[in-house]
Structures are given as C-alpha cells and as structure tokens.
Amino acid sequence: MNEAVIRLEKVTKDYPMGEMIVHALRGIDLKIAAGEFIVLLGPSGSGKTTTLNLIGGLDNITSGQVIVQGEDIAQYKDKALTRYRREKVGFVFQFFNLIPTLTARENVAFALALLDGKTRDLEKRAQELLEMVGIGDRADHFPSQLSGGEQQRVAIARSLANRPPFMLCDEPTGNLDVETGRSVLQVMRDLNRKEGTTVILVTHNTAIAPMADRVVRLHSGTIKEIGINSEPAPVSALEW
Amino acid sequence: MNKILFKKTLRDMKISWAQSLALAVIIALGIAGLVSMAGAYRDLSSSYNYAYDTLHFADVDFSLQAAPSGIVEKIAHLDGVSAVTGRIIMDTGFDLPSGEPIRARCIGLPTQHQPAVDSLYIREGRYLQPGDKNAVLLESHFAQYYHLHPGDTITPIVNGKRTTMKVVGIASSPEYLVVSRSKQDVLPSPRTFVVLFVPLSQVQKTFSLADKVNDIIIIVKPGADRKAVIVSAQKLLEPYGVTATTRREHQPSNEALGLDLAGFKETAYLIPAFMFFVAAIAVYIMLSRTVHAQQPQIGLMKALGYSDSAVMLHYLTFALAIGVVGTVLGIAMGQPLASAITKVYAGTLGIPLVKTNLYVDLWAKGTLLMFVFLIGGGLGPARSSAKMPPATAMRFDPSAALVKGRTSIVEKLIPLPFWFRLPVRDVFRVRRRSLSTALGIIFSITLVLLGMAFLDSMNTLLHSEFTDIERWDMSALFSIPTNDAVLQQVRSWDGVKQAEPHMEIPSTLKANNKSQNVILYAMKPNTAMHPLHLVGKTNAQSVALSGRKIVLTNYMAQKIGVKEGDIVQVTTPFGVWNFQVGGLAKEYISAVAYISLDEAQKLAGAPIFNALYLKVDPNQQVMIKRKLYHLPGTANVQIKEGMQKDWDQFMGLYDAFVGIIFLFAVVLAFTLLFNTMTVSVLERQREYATMRAIGASGGRISWLMAMESVILWMLTLVPGLLLGWLVSYYAMSTFNSDLFVFYLTIKPMSYVLTSVGILVVMLLSALPAIRHVNRLNLAEAIKIIT
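From first to last, the protein sequence lines are chains A and B. Going by the numbering used here, 259 is the number at position 143 of the first sequence; the sequence numbering is gapless. Going by the numbering used here, 1119 is the number at position 654 of the second sequence; the sequence numbering is gapless.
These are calculated hints, taken from the structure and not from any lab test. Check the hints yourself; a few may be wrong.
As the list claims (entries may be wrong) - With the C-beta cut set under 8 angstroms, the calculated list includes, among others, these residues of chain A facing chain B:
id: 1; residue: Asn169
id: 2; residue: Ala196
id: 3; residue: Thr198
id: 4; residue: Arg201
id: 5; residue: Phe209
id: 6; residue: Asn213
id: 7; residue: Ile215
id: 8; residue: Thr217
id: 9; residue: Leu218
id: 10; residue: Glu222
id: 11; residue: Ala225
id: 12; residue: Ala229
id: 13; residue: Asp237
id: 14; residue: Leu238
id: 15; residue: Arg274
To be verified - The following label-pair restraints were derived from C-beta to C-beta distances:
id: 16; chain 1: B; residue 1: Trp1168; chain 2: A; residue 2: Gly290; range: 26 to 36 angstroms
id: 17; chain 1: A; residue 1: Asp256; chain 2: B; residue 2: Val1183; range: 55 to 65 angstroms
id: 18; chain 1: A; residue 1: His139; chain 2: B; residue 2: Phe885; range: 44 to 54 angstroms
id: 19; chain 1: A; residue 1: Gly290; chain 2: B; residue 2: Lys877; range: 35 to 45 angstroms
id: 20; chain 1: A; residue 1: Gln185; chain 2: B; residue 2: Trp1168; range: 27 to 37 angstroms
id: 21; chain 1: B; residue 1: Pro854; chain 2: A; residue 2: Gly290; range: 35 to 45 angstroms
id: 22; chain 1: A; residue 1: Gln261; chain 2: B; residue 2: Phe885; range: 15 to 25 angstroms
id: 23; chain 1: A; residue 1: Asn176; chain 2: B; residue 2: Lys1212; range: 48 to 58 angstroms
id: 24; chain 1: B; residue 1: Lys852; chain 2: A; residue 2: His257; range: 23 to 33 angstroms
id: 25; chain 1: B; residue 1: Pro854; chain 2: A; residue 2: Lys193; range: 39 to 49 angstroms
Note that the Cβ used here is the ideal one computed from N, Cα and C, for glycine as well.
Generate the whole structure from the sequences, applying the supplied hints.
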C-alpha cells in the first residue's frame, strides 16, 4: 500500500438526541492510501456516512484525529474547512443535489468559479468536464430535464471541477436503476484508475464491494473487517 | 381530528415558531387596525352624542335684538317645546397679558341653577351662584390654552370698561365643543377667542338690558314637528327683532364637528380596510407556501391511511390556530388602541364627555374576514396535495418543484456575469416564489409610501397655505360694512405698509340642483395678498376674476358639478346672481369662492367692504391689532403667524393617526419580508447546504441571497411606488372635507427614503435566514428533501 494520505485515529462521534447520546462512531482507526478505491459497507446506523462526512469536513468529530495529507482537519475552523472542501474534496450525493436553477454546464461552472474566482472560460472548462463523464450533449439542460443517471453524472463532473485528490460518494447509486448505476460506477472507476483520484464510496449495497481495492465493513460505529480485493471486479460484472 | 394530528399541529407551529408568530403578528396588525380606527370613529361619534344628550344641546337658537325675560315662559308653553333658556350674549374684547387684544363672548346665565338648555359641564371649580359678583366661568379650551384655573383673575373689556373678574370655574359647553366664533372662522381658536359665562343679572346690568334677553335656545320634544315649533317661536319673537335662527345642524361648533367626523369616518374605514386586505393577502401567500412545502408529509399521511378530509382538517387547524392567536392579539391591541385614539382625539378637541365601547361586531367582522383568507391559504394547497397520489406527494421536492419556465428574456438580451446569473435565474425561473415575495415587497413599499405621503401632504398644506396663498400679515373682518375713509385711516398708521380692502360674504352656490355654502371672497382681481393658483386651461387671475366671473375651488366645482365656463347661481345677503366660472383654483380650504371686488360693490350698490388685508411691520403687529379693534364694527383681527399656530395645532390631530399608519406600515413590511425571505431560504435549504458542501463560503451565499433581494427590489420598485402613489392619492382624498382639501404631495426624498428603507428592511429581514444557512448542519441538510 502506498503511504496513507488519510488517517483516522481513534475517531469517535456522538450525537445528542434529546436526553440520549447516540454513539455513531466508537473510536475507529483507518488509513487510506492515495489512489485507492475504498468501499465503506454496512447497514443503516453503522457509521459509514458519518465516517465519510468527517473525512469530507462536513461534520465535526467528538474525539480523535482526522489527518488528511498530514494535517488534522478536525482542528480546522469553518473558514479553513470551507477551503479544504473547495480544494481537496469532490462530493457525490445520493440525491444528486444539483442547483435546480442552473443548467448542467452551469452547475459544474458554479464549482469551478468557487475555485479560483476567475469566471473566464468557465463554461468551456465545464463543458470539458461534462464530456469527460459522457454527457456533453446534455450541457444546456436543467436538472429537471435530466434523468437520474444524467443528474448523477453532472454531480460527478461538478465534483471534479477542483480536480480533487479525493472523491467522496454517498450512496451514489442509491437512487438509480442497475444499468444507470453501473454507468455511474464506471465513471468513478475510470477516474480512479486514469486520474489517480482516491475514491471513497459509501453504500449498503454489498454487490458493489467487489469493484473496490479494499472493503471496510462497519457495524454499530466500529470497523468489523477490512477486506482486500487483490483483483477488483470490473463494473460490468456487478449485479444487484 | 385525532390527538396525534393535533399534537403535530402544535409541533409544526413550535418548529416554525418565528414564521407562525410573524403570521400571527400580521393577522393581529390587520385586525388591530380595523378595530382601533373604526372603533375610534364610533367612540367619537357616540361621545359627541353623549355630550349633547347629557348637556341638553339646543335644537334651535334664536338671536334677538332684545326681548323681555317673560318671553321665555311664553315659549316654554308652545306645543312641542321641551325646554327653553333665555340668555344675554354680548361679543366684546379681551386683552391678553401680552397686551394682544382678542375677542371675547360674554354669555349671561341664570345663577340659581344650570340652564335647562346648553347646560355646562363643570371641569374645575363650581357653577355660578346667586350673589356672585364679578364671577366668571371660563370656557375650558381657553383656560387650558392659557393655563387658567379657579381663583385666577381676568380682565375682559365689558361695555368699554376693563373689569376684573374672578374665575370660579372652568366649564365645557355643548355649543363650544369646537370653539368656533362663527362660520367664517375656519378653524377653532382658543388662542384668540374666549367664551365667558357670567351671572345673567350682571350682564343685564352692565349692558343696560335689565330683565331682558337677546338669545333664546330651545329643545324640541321628541317626536314633535321641529319646523312647526320654530315657526311658532319665530312668530312669538318677531316683535323683538330676530337677527338669526340657527338650527342645530348649522350651529358652528356642531357643524365643524360633523365635518371633522365625516372626514374621519372615511379614513377610519378605508385605510384600515386596505391594511386589512394587505395583511389578509400576506397571510394567504405565506400560509399557502408553508402548506405547499409540506407536500411530502401530506403524502406520508395519506400513505398511512389518513383520509383527504383528515389531512385538510389538520391544515385547517394549523391555519386556525395561528388565526386564533393573531385575532386575539389583534383585538387585545386594537380595542385599547381605539380607546386611546378616542381619548387623544377627544382630549385634543376638548370634548368633555368621552364614551368608549367594546365593538364586538367589529371584532366578529374582522375575525370572520381574516379566517376566510386563512382557510383559503391553508386549505387550497392542502387540498391539491391530498388529491395527489401519496407516492408522488412524498417524492415532492419543494425547491425543485417550484422551478418552472425557461431562461428569462433578460438573460437572453444581456449576457450576465456568472455570479449574477444564479440570483437572476432564481428570480425568473422560480416564478411562484418570486411572485409571492414580490407581492410582499410591493405591499410594503405601498404602505411605507402611504405614511410618507401623509406627512409630506400635510407639511405641504401647512407650508403652501401660509407662504404661497395667504401673503398678507394681518387681516381684519368687520361686522358692518365699512368704507374708504376707514381704509385711508388704516393706511396712515405707523407700521402699515399696505392695506387692501376685500369682502367676505357668507353665500350659497347652486348648480345642477346641488348647493354648497361658501364664504365668497370679493377681491381686487390683481391682488397679491391672496393670489389664486389657477389650474387647468385657465385665464390669468385678473381675467378669471373680471366682470361677472367667479373662481371656485376644485373641490367645490366637483361638489356642484361645474367646470370652467359653466354658470353658477350665487345667493348672497345682497341678492341672487348668476356668475360664470372663470377658473378653478387649487386651495386648501374647501368652502370658499372668489369674485372681483368691483363686481361685488356694484351688486351691493355701494363702494363698501367688510374686510382688510394688511402688510405690516412685524414689530408693530400688536399695536395695529389693538387699533383695528378700536375701529367701529371690528369683529375679528387675525395675525397670520398666530393663525399658522392654530393650523399646526389642528393638524397635530392627524399626527397620531399618521403615526399609527406609519408604525403599522413598517412593522408589517418587516414581518412580511421576514416571512417571505425565511420561507424562500427554507425552501432552498438543501441547495444552500450543497453549495456550502462543495466549498462556497458563508459570505458567498450571503452575497447570492442579498443579490436576489436586490434584484427583487429593483423589479418591484416601480410597481410598488406606483401602487403606493395610487393608494396615497385615494387615501388622501378620503381626508378631504368641506373644511380642507388635501393634495397628494410626495417629495422626491420620500421616494428615495421609502425605496432605500425597504431595501434595508429586506436585507435585515433576511439576516436570520442567512444566519440559519450559515449554521446549517451540512451533513444533515444536504440529505434533507423537505
């Protein structure tokens, strides 16, 4: 394994729920190497999305360390976290989360514009990204005019705007049919293999696990098992 | 409805407490406006009647030269007479401690008991007693103005002699609820006119009218034929020289109160009705948006087996619960406010007896109307959501579902920089949301501009009347016609720079079977003392006033339905003549008309006049006033500065009213905008959270939200200001009465202040929503669909 670019050390996360405290993560340790394709697998409430959110800087830990490229992002204040998300992370969500008033191209351009503040050539660069994920011909359509798979590809293109070292995907196929789901996973695999992007994918769908380099199984806030696929399966072989 | 759903209603309200409260506040403001202003009108009306009933206000007043006291008894025996009182009334002078001479009216009253007609309400001290010597009861307005109390002494000029009198009491009279000396005095003036109530025997002795009376007042029995009573009384009084018969409706104070109340009536209903309408529309918009956003919950309820009616009942309860809180709050605010307005208004006018009531019918009407809008706003969207298949309703994304339409024309025409594109898109593509927010802003602009318009119009009225229209320094009115010799005498006095004669003639205008009482001013056609501001396609002032031509105020011309060139019949004490309308003048006093002095003198048959305009040295005003009062037949002398003070004070009555409108406008604008901005942001919670997640800073999102506000503001500015102007124009016309005409004036600065103020309020009202977005739990929010 290459040197770890993400290290979770004794990470705990508690959520207060009224008078109760829910222990979402109970002290997990995990190392992720650059260019890895990791699948976080587990049932609801296992802590997989919480883990992803902590790595993505969307949430704060209760204790422990989240070290990304040598820096403990758990210590970051809001401003630094915003910059971290903008520069280092690409998100893909289950419900696509596109901005409904912007076209596919403009959704991607929105993320590009955040990056360097320059608005010149924005749309051209956005178009290139859309073509990269195979929906360049749908660039002028609004989200409401796109299918679920197309919307998820736009979301992927948007997440690539900053050429992020890490792509974090939360149930990216959860809202898609099998065929569309496979095509989206293929895009991720290609990015991972061709661009060297580290992909961390959260799912409860065990059928996706064979495509990963490593599969981290979580249960009740702890890591139960880490499996290594010496020969990850091609996306086309996945069935669910 | 089952308990669980009821709990859900309460929890929904609790979760969105700020929005629910804002809705309740808007409802409360609408109801409070209606209850307070319409209630105040009714309170005032009933207070006047209460004062009249309690103090036995006369049905008719006969002014005589002199009659033996025994005539009172004879009149009392006439059929239909319920009560009668005989008095002596003498107009005389009074020197203020400053040396300024003013007019006084001495009224001799019986000392054994209060008069049966027009009795007095003793506010301080006591009524007159037999044996009182040089005792006086002071009319309350004057006493209040000059801070006089029982025990103080005053020195009126009685029959040419200064007489020291001791104040034994302060009293209000139903004849002087508004202290109006005569119909020619447009405004009440406790500053320059005092009514003194003194023992009848003393006045009789002073004026050598032993056992005589010169004024008889009568109350007619209920149900009796008043006209017949008046005719028979007139017949009895004929030998004693009846100089005037004044019926109750023409009694100066009563008439002035009536005009004032009539003006207030329209305002008291129309302005609150508009405010109520705005509040109701706001409630409808906001409630329907709130329910619309809950479509997935409705789908879920249906999926769980709740019937359509159960779902609708749930949202109805939600609407009604907010409605109940709002209306209770509104009534609780409105009712005391009604009493407060009544007390302030009546207190300023000096009405002695004030009666305030609870107007349950107003509460009921306001509540009922508001609930119609509430039910409409709550049930409409709930019904359409309930009709949807549950699966569709549950999948509903309020943010995405609102997005309709194509790229806006603006964008097609003007290539927008990227960071402007999103807010513009949000405004134009989410039309339903934008439209409801825009309506909120338009109404807010309208209300604030209305408040500004009131202030500007009133200031303009006060300023224009005394700088542009009345250009004289002093004016004198004579009760008898006077002539050139007097004019020459006045011109010769030190300090008199200019003296110009004119006539003031109580007259009646008739045309198209309509008639109006006016004061007819006969002036030199080229007068610079009171220049006419002629409007429309008109002649020059000198032409408009030449020959048999008359200039009417716009208001009067409208009242009798005439225009320039039409013929008007003018009834004057000298005769009845036809005049052609030579022009229409923009004037702030309604009931006046103008003809040329030459023509009036021709018609009167002599070169006479009964009034003077003067330009004087300010340092000599008091001395000149004194000299004028020493001329034969001087009835009244006005110093313009003093008159301006009276006007200021009178207009002050409107201040409280304008203050309420203004306060209402600002609070409503803030609440309205707070709610629309909050709903707008909550609908897009996930969108903003996603932006934050992909690295947009809080500042960037605040900027986007602010830009959207600015775009909406720019789009609504013109329609808002236009509607504001129209509503102000209409509202201002409701203030018009036979007393004053208000012209709508809105200063450029007021447009600027209103526009900038609304933008500031919009940005401020978005702050809680911005804070909310910046504090969102991103991990949660990006998953939230509803």
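Here is what the structure says about each hint:
no.	hint	in the structure
1	Asn169	holds (4 angstroms)
2	Ala196	violated (11 angstroms)
3	Thr198	holds (5 angstroms)
4	Arg201	holds (5 angstroms)
5	Phe209	holds (6 angstroms)
6	Asn213	holds (4 angstroms)
7	Ile215	holds (6 angstroms)
8	Thr217	holds (4 angstroms)
9	Leu218	holds (6 angstroms)
10	Glu222	holds (7 angstroms)
11	Ala225	holds (6 angstroms)
12	Ala229	holds (5 angstroms)
13	Asp237	violated (11 angstroms)
14	Leu238	holds (6 angstroms)
15	Arg274	holds (7 angstroms)
16	Trp1168/B to Gly290/A: 26 to 36 angstroms	holds (33 angstroms)
17	Asp256/A to Val1183/B: 55 to 65 angstroms	violated (32 angstroms)
18	His139/A to Phe885/B: 44 to 54 angstroms	holds (46 angstroms)
19	Gly290/A to Lys877/B: 35 to 45 angstroms	holds (37 angstroms)
20	Gln185/A to Trp1168/B: 27 to 37 angstroms	holds (30 angstroms)
21	Pro854/B to Gly290/A: 35 to 45 angstroms	violated (22 angstroms)
22	Gln261/A to Phe885/B: 15 to 25 angstroms	holds (23 angstroms)
23	Asn176/A to Lys1212/B: 48 to 58 angstroms	holds (54 angstroms)
24	Lys852/B to His257/A: 23 to 33 angstroms	holds (30 angstroms)
25	Pro854/B to Lys193/A: 39 to 49 angstroms	holds (47 angstroms)
The earlier numbered hints that this structure contradicts are 2, 13, 17 and 21.
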